[in-house]
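With these hints in hand, go ahead and build the complete structure from the sequences.
Chains as they are written, first to last, in my numbering: chain A, 1 to 287; chain B, 1 to 287; chain C, 1 to 287; chain D, 1 to 287.
Bear in mind the hints are in silico, worked out from the structure with no lab data behind them.
Take these hints with a grain of salt, some might be off.
Note: identical chains are not told apart, hence a pair may lie in one copy or across any two.
Claimed, not checked - Within a straight-line C-alpha distance of at most 16 Å, the following computed EDC-like cross-link-like pairs (lysine to aspartate or glutamate) qualify:
| hint | residue 1 | residue 2 |
| --- | --- | --- |
| 1 | Lys-281 | Glu-212 |
| 2 | Lys-90 | Glu-272 |
| 3 | Lys-90 | Asp-238 |
| 4 | Lys-89 | Asp-78 |
| 5 | Lys-89 | Glu-272 |
| 6 | Lys-89 | Glu-118 |
| 7 | Lys-281 | Asp-247 |
4 protein chains.
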Amino acid sequence: MPLPPRILLKLSCPDRIGIVAAVSTLIAELRGCIVEAQHHSDVSSRRFFMRQVIDTAEMNLTLEQVRERFRPLAQKFDMDWLLRDEALKKRVAILVSKQDHCLNDLLYRWRSGELNFELAGVISNHLDCQSFVAWHGVPYAHIAVQKDDKAAAFAAVRRQIEQWDIDTIVLARYMQILPPELCAVYSGRIINIHHSFLPSFVGPRPYHQAFERGVKWVGATSHYVTAELDAGPIIEQDATRTHHAHDVEQMIRIGRDVEAAVLARALRLHLEDRVFVIGNKTVVFAA
Amino acid sequence: MPLPPRILLKLSCPDRIGIVAAVSTLIAELRGCIVEAQHHSDVSSRRFFMRQVIDTAEMNLTLEQVRERFRPLAQKFDMDWLLRDEALKKRVAILVSKQDHCLNDLLYRWRSGELNFELAGVISNHLDCQSFVAWHGVPYAHIAVQKDDKAAAFAAVRRQIEQWDIDTIVLARYMQILPPELCAVYSGRIINIHHSFLPSFVGPRPYHQAFERGVKWVGATSHYVTAELDAGPIIEQDATRTHHAHDVEQMIRIGRDVEAAVLARALRLHLEDRVFVIGNKTVVFAA
Amino acid sequence: MPLPPRILLKLSCPDRIGIVAAVSTLIAELRGCIVEAQHHSDVSSRRFFMRQVIDTAEMNLTLEQVRERFRPLAQKFDMDWLLRDEALKKRVAILVSKQDHCLNDLLYRWRSGELNFELAGVISNHLDCQSFVAWHGVPYAHIAVQKDDKAAAFAAVRRQIEQWDIDTIVLARYMQILPPELCAVYSGRIINIHHSFLPSFVGPRPYHQAFERGVKWVGATSHYVTAELDAGPIIEQDATRTHHAHDVEQMIRIGRDVEAAVLARALRLHLEDRVFVIGNKTVVFAA
Amino acid sequence: MPLPPRILLKLSCPDRIGIVAAVSTLIAELRGCIVEAQHHSDVSSRRFFMRQVIDTAEMNLTLEQVRERFRPLAQKFDMDWLLRDEALKKRVAILVSKQDHCLNDLLYRWRSGELNFELAGVISNHLDCQSFVAWHGVPYAHIAVQKDDKAAAFAAVRRQIEQWDIDTIVLARYMQILPPELCAVYSGRIINIHHSFLPSFVGPRPYHQAFERGVKWVGATSHYVTAELDAGPIIEQDATRTHHAHDVEQMIRIGRDVEAAVLARALRLHLEDRVFVIGNKTVVFAA
Numbered sequence: 001m002p003l004p005p006r007i008l009l010k011l012s013c014p015d016r017i018g019i020v021a022a023v024s025t026l027i028a029e030l031r032g033c034i035v036e037a038q039h040h041s042d043v044s045s046r047r048f049f050m051r052q053v054i055d056t057a058e059m060n061l062t063l064e065q066v067r068e069r070f071r072p073l074a075q076k077f078d079m080d081w082l083l084r085d086e087a088l089k090k091r092v093a094i095l096v097s098k099q100d101h102c103l104n105d106l107l108y109r110w111r112s113g114e115l116n117f118e119l120a121g122v123i124s125n126h127l128d129c130q131s132f133v134a135w136h137g138v139p140y141a142h143i144a145v146q147k148d149d150k151a152a153a154f155a156a157v158r159r160q161i162e163q164w165d166i167d168t169i170v171l172a173r174y175m176q177i178l179p180p181e182l183c184a185v186y187s188g189r190i191i192n193i194h195h196s197f198l199p200s201f202v203g204p205r206p207y208h209q210a211f212e213r214g215v216k217w218v219g220a221t222s223h224y225v226t227a228e229l230d231a232g233p234i235i236e237q238d239a240t241r242t243h244h245a246h247d248v249e250q251m252i253r254i255g256r257d258v259e260a261a262v263l264a265r266a267l268r269l270h271l272e273d274r275v276f277v278i279g280n281k282t283v284v285f286a287a
Numbered sequence: 001m002p003l004p005p006r007i008l009l010k011l012s013c014p015d016r017i018g019i020v021a022a023v024s025t026l027i028a029e030l031r032g033c034i035v036e037a038q039h040h041s042d043v044s045s046r047r048f049f050m051r052q053v054i055d056t057a058e059m060n061l062t063l064e065q066v067r068e069r070f071r072p073l074a075q076k077f078d079m080d081w082l083l084r085d086e087a088l089k090k091r092v093a094i095l096v097s098k099q100d101h102c103l104n105d106l107l108y109r110w111r112s113g114e115l116n117f118e119l120a121g122v123i124s125n126h127l128d129c130q131s132f133v134a135w136h137g138v139p140y141a142h143i144a145v146q147k148d149d150k151a152a153a154f155a156a157v158r159r160q161i162e163q164w165d166i167d168t169i170v171l172a173r174y175m176q177i178l179p180p181e182l183c184a185v186y187s188g189r190i191i192n193i194h195h196s197f198l199p200s201f202v203g204p205r206p207y208h209q210a211f212e213r214g215v216k217w218v219g220a221t222s223h224y225v226t227a228e229l230d231a232g233p234i235i236e237q238d239a240t241r242t243h244h245a246h247d248v249e250q251m252i253r254i255g256r257d258v259e260a261a262v263l264a265r266a267l268r269l270h271l272e273d274r275v276f277v278i279g280n281k282t283v284v285f286a287a
Numbered sequence: 001m002p003l004p005p006r007i008l009l010k011l012s013c014p015d016r017i018g019i020v021a022a023v024s025t026l027i028a029e030l031r032g033c034i035v036e037a038q039h040h041s042d043v044s045s046r047r048f049f050m051r052q053v054i055d056t057a058e059m060n061l062t063l064e065q066v067r068e069r070f071r072p073l074a075q076k077f078d079m080d081w082l083l084r085d086e087a088l089k090k091r092v093a094i095l096v097s098k099q100d101h102c103l104n105d106l107l108y109r110w111r112s113g114e115l116n117f118e119l120a121g122v123i124s125n126h127l128d129c130q131s132f133v134a135w136h137g138v139p140y141a142h143i144a145v146q147k148d149d150k151a152a153a154f155a156a157v158r159r160q161i162e163q164w165d166i167d168t169i170v171l172a173r174y175m176q177i178l179p180p181e182l183c184a185v186y187s188g189r190i191i192n193i194h195h196s197f198l199p200s201f202v203g204p205r206p207y208h209q210a211f212e213r214g215v216k217w218v219g220a221t222s223h224y225v226t227a228e229l230d231a232g233p234i235i236e237q238d239a240t241r242t243h244h245a246h247d248v249e250q251m252i253r254i255g256r257d258v259e260a261a262v263l264a265r266a267l268r269l270h271l272e273d274r275v276f277v278i279g280n281k282t283v284v285f286a287a
Numbered sequence: 001m002p003l004p005p006r007i008l009l010k011l012s013c014p015d016r017i018g019i020v021a022a023v024s025t026l027i028a029e030l031r032g033c034i035v036e037a038q039h040h041s042d043v044s045s046r047r048f049f050m051r052q053v054i055d056t057a058e059m060n061l062t063l064e065q066v067r068e069r070f071r072p073l074a075q076k077f078d079m080d081w082l083l084r085d086e087a088l089k090k091r092v093a094i095l096v097s098k099q100d101h102c103l104n105d106l107l108y109r110w111r112s113g114e115l116n117f118e119l120a121g122v123i124s125n126h127l128d129c130q131s132f133v134a135w136h137g138v139p140y141a142h143i144a145v146q147k148d149d150k151a152a153a154f155a156a157v158r159r160q161i162e163q164w165d166i167d168t169i170v171l172a173r174y175m176q177i178l179p180p181e182l183c184a185v186y187s188g189r190i191i192n193i194h195h196s197f198l199p200s201f202v203g204p205r206p207y208h209q210a211f212e213r214g215v216k217w218v219g220a221t222s223h224y225v226t227a228e229l230d231a232g233p234i235i236e237q238d239a240t241r242t243h244h245a246h247d248v249e250q251m252i253r254i255g256r257d258v259e260a261a262v263l264a265r266a267l268r269l270h271l272e273d274r275v276f277v278i279g280n281k282t283v284v285f286a287a
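The structure is reproduced here in structure tokens:
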């Protein structure tokens, strides 16, 4: 199997002199042409992060052979790493409740090819979005969440996700709190959109909180989900102006656009393996 | 004494039908020409807010006569109101510590005439800014604040403010917490700049807090000072992007520009009597 | 027929003293409660512009009776005016070619009720968007445009628009230039989105032009269509950052989001009768 | 002479495989620690650009020795390159006319140390800014420009610049057009701020042009000066919202803040050697 036109190398390791030299020398030896490269040395953790996109036009190897050649180097520097076809599509499930603005946005970016992923299916605790998802030819799993038996519902959610062989879970305004064990299993692979400019207004009804406080901007934050509500590593956020004449409904309306935009940008960064989690923060190699 | 070219009318009162009609009819009777007008009905408080700028070219009265004509109407509708020369300069004191970026910005806008106020003087607990202020021909009161006798220092600050006959106090990165009684006396007339996007990161070292949380934007908030720290009515705020490669020092650097800009905009809104305080929120009639 | 809960008054007239007084006095006499009001005196044209939203809870008239009462006043001041149910839906046709990001965005805002209009149908010179529009239950008129007989195509477009009884035409990346007579008939009612920050990069392939010039932002502009290409009155515009590493394709990608957002905002302003055309400029009473 | 704590390497060369490997291998051999690195392959020109900041704590060489070691590699790859103390201050002259908002901003960033440069002096065709510059202890050369003998004035400007041994010339709202030969001699080292969002509104009175066109944003652009007016390579630009109620004076006022901010950011990028000129465009390695 020949190499894909471009391969992506993502790695992190303890920081020391010579990492870039070793990696780029190997890439040059294999006749790889670096088309995009970013690295970062995190001072607090003394850890090094790197992402490279390599054009393979002059390389005469299989992907597995490239990995073989890379392995000793990865061991020497104690790297967490992945090396993959840049065009690889991650398998994604979108979870949604009734609010469908983020879902609509993601479905559009998916069907137009703007975001590069395989949409395995949509899971919802409601039926509202079923027919729109169906038009896209995408499976829709309706898993109701009963207040007195959430465990059963989340077990069903997890089975569905495992059955679909999901890599990345997107909470596109899914108004349920995932159980900690699910968060742990898919750590760094569940992306939520919270409708506030975190850390302001954690928890329910953030626009109501924003209205009460009288802020002049409302925002949205996309982050990896952890066991602690709205406290996971932030991937991306943005905000838009509001003013005294906006009531909560109007804040919600203008906020929707920010939510959809922020979630889409965060998902793109994740799909392109541009995000590294380091403690409760992220390193993001933006395009 | 003839009328100034433009007069400014600012009022609030319990909301009911006929306020705009009554006010605008009176202005028309007096041959005033409305050049800028804004009003707002606050639903929660059922209160009405209005600001008008009136060209007086065709009016044949003194300012006091206009006020006389307005008084019965104000009583009828139970208004809080003021009617003044639009060009009137409020008397301002700027309080500063060592960080001088906001001070530099305000001094420039003052000396260039961009912001319309009388700068009575600068008060500081340090000497760092003295010579720069002196170049402007502006009095500089150095009032050191000793940890074990803050009361004495704030009494001196208050005396200085009273002696200068100050209307509005600007805390341009003044790193001291004013005592509650001073906040009360100058309620709605002390403007602070806090170096975070409130309500995120209340209190000391907000950039350090922001760095720890891993946010992707840092901001600044200008608000009226109340007895509760960083919790007063917000006038204006803004934010700017940051990322993983910024350390705290770089956050502080990019944040400075936002702080200076936000404070200058908030002060302009205040000087032009565009801000109404309603509970812990503001109505802001932006230009 | 009782009055709707809210009525909207939009007017412009030669500027003079007493307009606001006359209008607001009449509204008060009719027991109307002003919930939103904006006015503007344009200095160059000496023209006055006003928009009011009036709560009718205490009014005991029909809409036609209110209009009757308003008519003498409108004549006295020589007003262009309209007085309508605030909730009235304008009848809209969307014209689209192959690029469907703006269409997708508008369809979502329409079906979710975020934008208040009646979607009479979609006209396209291509078939690409047909099935997606059909899912919405919206008519789709495919009118191909042949290079050598554009007149016939535009005649068909016009017949379709007349048959659908259209008020407002939205060019949602419709890649054809409408004939001047159509622009004239629907003057002030055809809204285009141009994919540049006008007046930069008029005409075809603006992202290519932007790439060649090496600008650091790309933008989009929504304007009323006039006979002169991309030169009509601007309603709304916005821009987003780009940089040296973006090729034209990436500029196009990030630009799409700006285009959709700007067009949606412009359409909202138009639907809510917040836009006045004055020469080749607009007065926009934003919410 | 020991190495400074950090050195900066900036280079460009024809693109080919192995450049990064060669450079990073050499740096590692010399025990340099890369703390910041960016590169870019320009597709149109097939040219490669790189900027590295290297911590020298473990290097045992002089700066000249490092250059010696680098020279063969530079020759092999046909590089344009520089290798310098990262903390090196470029010698700068600021040229200004009457508008002093950019000057005030730059002087503040200079005296606070936020921008790292040596301010050799200020040149002006007016006396307005003299005393403010003098307060800073900075030389002020008043060189009047007579309409009928501009050549003499620009000869004097050039002599002054040469006498001050200037590296970088900043036109901080200098309202004179420099002669082509001066632009040529200091090619890539004269930075102008133009008060429009280029390429919109080239030439004089851009705010008036913007007002006439009815745009909804006004902006500013910082670019390297070339013989063609306002057409040189763009370094940085930004814009701010305006609306129908702003007259030209208000556009000028809100534009000033954008001008000062854009010029300061562009100058920072230039001082830190983050900008490469490639034809009429720039590669900018932002921090």
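Consistency of the hints with the structure:
1. Proximity of Lys-281 and Glu-212 under a CA criterion of 16 Å is satisfied inter-copy only: 8 Å between copies versus 29 Å inside one chain copy.
2. In the homo-oligomer, the alpha carbons of Lys-90 and Glu-272 lie at most 16 Å apart inside one protomer (9 Å), although the nearest pairing across protomers, at 39 Å, exceeds that limit.
3. Taking identical chains as interchangeable, the C-alpha atoms of Lys-90 and Asp-238 are never at most 16 Å apart, the minima being 25 Å within one chain and 33 Å between chains.
4. For the homomeric pair Lys-89 and Asp-78, neither the shortest alpha-carbon distance inside one copy (27 Å) nor that between copies (39 Å) is at most 16 Å.
5. Taking the shortest alpha-carbon separations for Lys-89 and Glu-272, only the intra-copy value of 9 Å comes in at or below 16 Å, while the best inter-copy value is 39 Å.
6. Proximity of Lys-89 to Glu-118 under the C-alpha cut-off of 16 Å is restricted to the intra-copy arrangement: shortest distance 6 Å within a copy versus 39 Å between copies.
7. Taking the closest pair of Cα atoms, Lys-281 and Asp-247 come within 16 Å of each other only across two copies (13 Å); inside a single copy the shortest separation is 33 Å, beyond that limit.
Hint compliance for this structure: hints 3, 4 are broken, all remaining hints hold.
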